[in-house]
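Novice: Residue numbers (the working numbering): 1481 to 1554.
Worth double-checking, as some hints may not be accurate.
[To be verified] Simulated DEER-style distance windows between Cβ atoms:
1) Q1507 x C1535: 14 to 20 Å
2) Q1512 x G1492: 19 to 25 Å
3) D1538 x Q1512: 33 to 39 Å
[Stated by the list, open to error] Below, simulated DMTMM-like cross-link-like pairs (lysine to aspartate or glutamate); rule was C-alpha separation at most 25 Å, straight line:
4) K1494 x D1539
5) K1494 x E1531
6) K1494 x E1554
7) K1494 x D1547
These aren't lab readings, by the way, just hints derived from the structure by calculation. Heads up, the beta-carbon is just placed ideally off N, CA and C, and yes, glycines get one too.
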Amino acid sequence: MRLGIVRELSQGGKYVHELVAALGVSQPLASQHLRVLRNSRIVTTRRQAREIQYCLTDDHVAHIVLDAIRHAQE
């Protein structure tokens, strides 16, 4: 789940409802994992009106995760 979130955020900032649609999970589950990633400082947030946009703190994390996923698929 968290790898999927990082993969999605590697394409740019997203709102929870966008992650829910892309990953096919419930909003509470996505929010729970986003909280863990935020507390780990992997993800940062920006408030846009009434919504919160989630972004990766550092693109290096995305590169590591995407490389690991590609390697596992070999």
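Novice: Next, verify each hint and record whether it holds.
Specialist: For each hint, the structure was consulted:
1. Q1507 x C1535: 14 to 20 Å: holds, 19 Å
2. Q1512 x G1492: 19 to 25 Å: About 22 Å separates the Cβ atoms of Q1512 and G1492, which means 19 to 25 Å holds.
3. D1538 x Q1512: 33 to 39 Å: violated, 22 Å
4. K1494 x D1539: Roughly 15 Å separates the two Cα atoms, so the pair holds.
5. K1494 x E1531: Distance ~10 Å between K1494 and E1531 Cα, so the pair holds.
6. K1494 x E1554: Judged against 25 Å, a Cα distance of about 29 Å means the pair is violated.
7. K1494 x D1547: Holds - the C-alpha atoms of D1547 and K1494 are around 21 Å apart, at most 25 Å.
Going through the hint list in order, the structure does not satisfy hints 3 and 6.
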